Amino acid sequence: MSTTDPSVVEMRVVHISDNHLGKAQYHLAEREEDMYEAFDQAIDLALRERPDLIVHTGDLFDSYRPHPRAFVRAFEGFLRVMEKGIPVAIIEGNHELGADTIRRRIVSPLVNLENLFERIGYSDLFVRLGASVRRFGDVVVAGAPYASRGVRVADTIESLGRKVKNICNCPSILMIHQGV
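At position 48 of the sequence shown the residue is numbered 48 (the numbering used here), and the sequence of numbers has no breaks.
No lab work stands behind these hints, which were simulated from the structure alone.
Quick caveat, the model's predicted, so the values are computed rather than measured.
Errors might be hidden in some of the hints.
Subject to a maximum C-alpha distance of 25 Å in a straight line, what follows is the list of computed DMTMM-like cross-link-like pairs (lysine to aspartate or glutamate) [said to hold, decoys possible]:
{"id": "1", "residue 1": "Lys-84", "residue 2": "Asp-124"}
{"id": "2", "residue 1": "Lys-163", "residue 2": "Glu-83"}
{"id": "3", "residue 1": "Lys-84", "residue 2": "Glu-118"}
{"id": "4", "residue 1": "Lys-163", "residue 2": "Glu-10"}
{"id": "5", "residue 1": "Lys-165", "residue 2": "Asp-124"}
{"id": "6", "residue 1": "Lys-84", "residue 2": "Glu-37"}
{"id": "7", "residue 1": "Lys-165", "residue 2": "Asp-138"}
{"id": "8", "residue 1": "Lys-23", "residue 2": "Glu-10"}
{"id": "9", "residue 1": "Lys-23", "residue 2": "Asp-44"}
{"id": "10", "residue 1": "Lys-84", "residue 2": "Glu-114"}
{"id": "11", "residue 1": "Lys-23", "residue 2": "Asp-138"}
Could you build all of it, start to finish, from the sequences and the hints given here?
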């Protein structure tokens, strides 16, 4: 859809979620490879669409301690995207965070991925949102990663909404990984 109306924001966004990289369903190596191939296909499709932004709404990994093979496959896939200058906004899902008792003692694997991309000069293109907002061109993206039971998700969303309005009066996207 193309328009000449200057008040209309045109932006192509690709949404990816729940890749569960590293999952070997039924403990079968070929099922783990299926997950990697599906992720690679999602990246290929995204690149063909030539988006302005890719949003990933959680569970990139199947575990809060992904196998190095899963970590490398995620890195390689997103590196292909960023080499094209396409930013990636990502949030944690429940699988990256683990159970409540674990969550207090670990660092999300997405933090490690973020640090790696920062070291090679892609910190502006790989953005782990957490519970925050970030502007990408004429659109503001708000992230609401997975929250445990008892956490008032509605309060988080309301707070993010206020932050979005403080940035600009422009279109916004809410990224959330939560059962509702």
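Going through the hints against the structure:
1. Lys-84 to Asp-124: Holds, at about 13 Å.
2. Lys-163 to Glu-83: Distance ~30 Å between Lys-163 and Glu-83 Cα, so the pair is violated.
3. Lys-84 to Glu-118: holds, 16 Å
4. Lys-163 to Glu-10: Distance ~22 Å between Lys-163 and Glu-10 Cα, so the pair holds.
5. Lys-165 to Asp-124: holds, 22 Å
6. Lys-84 to Glu-37: holds, 21 Å
7. Lys-165 to Asp-138: Holds, at about 13 Å.
8. Lys-23 to Glu-10: Outside the cut-off at roughly 36 Å; violated.
9. Lys-23 to Asp-44: Distance ~21 Å between Lys-23 and Asp-44 Cα, so the pair holds.
10. Lys-84 to Glu-114: Given pair Lys-84, Glu-114 holds - Cα atoms ~18 Å apart, limit 25 Å.
11. Lys-23 to Asp-138: Distance ~37 Å between Lys-23 and Asp-138 Cα, so the pair is violated.
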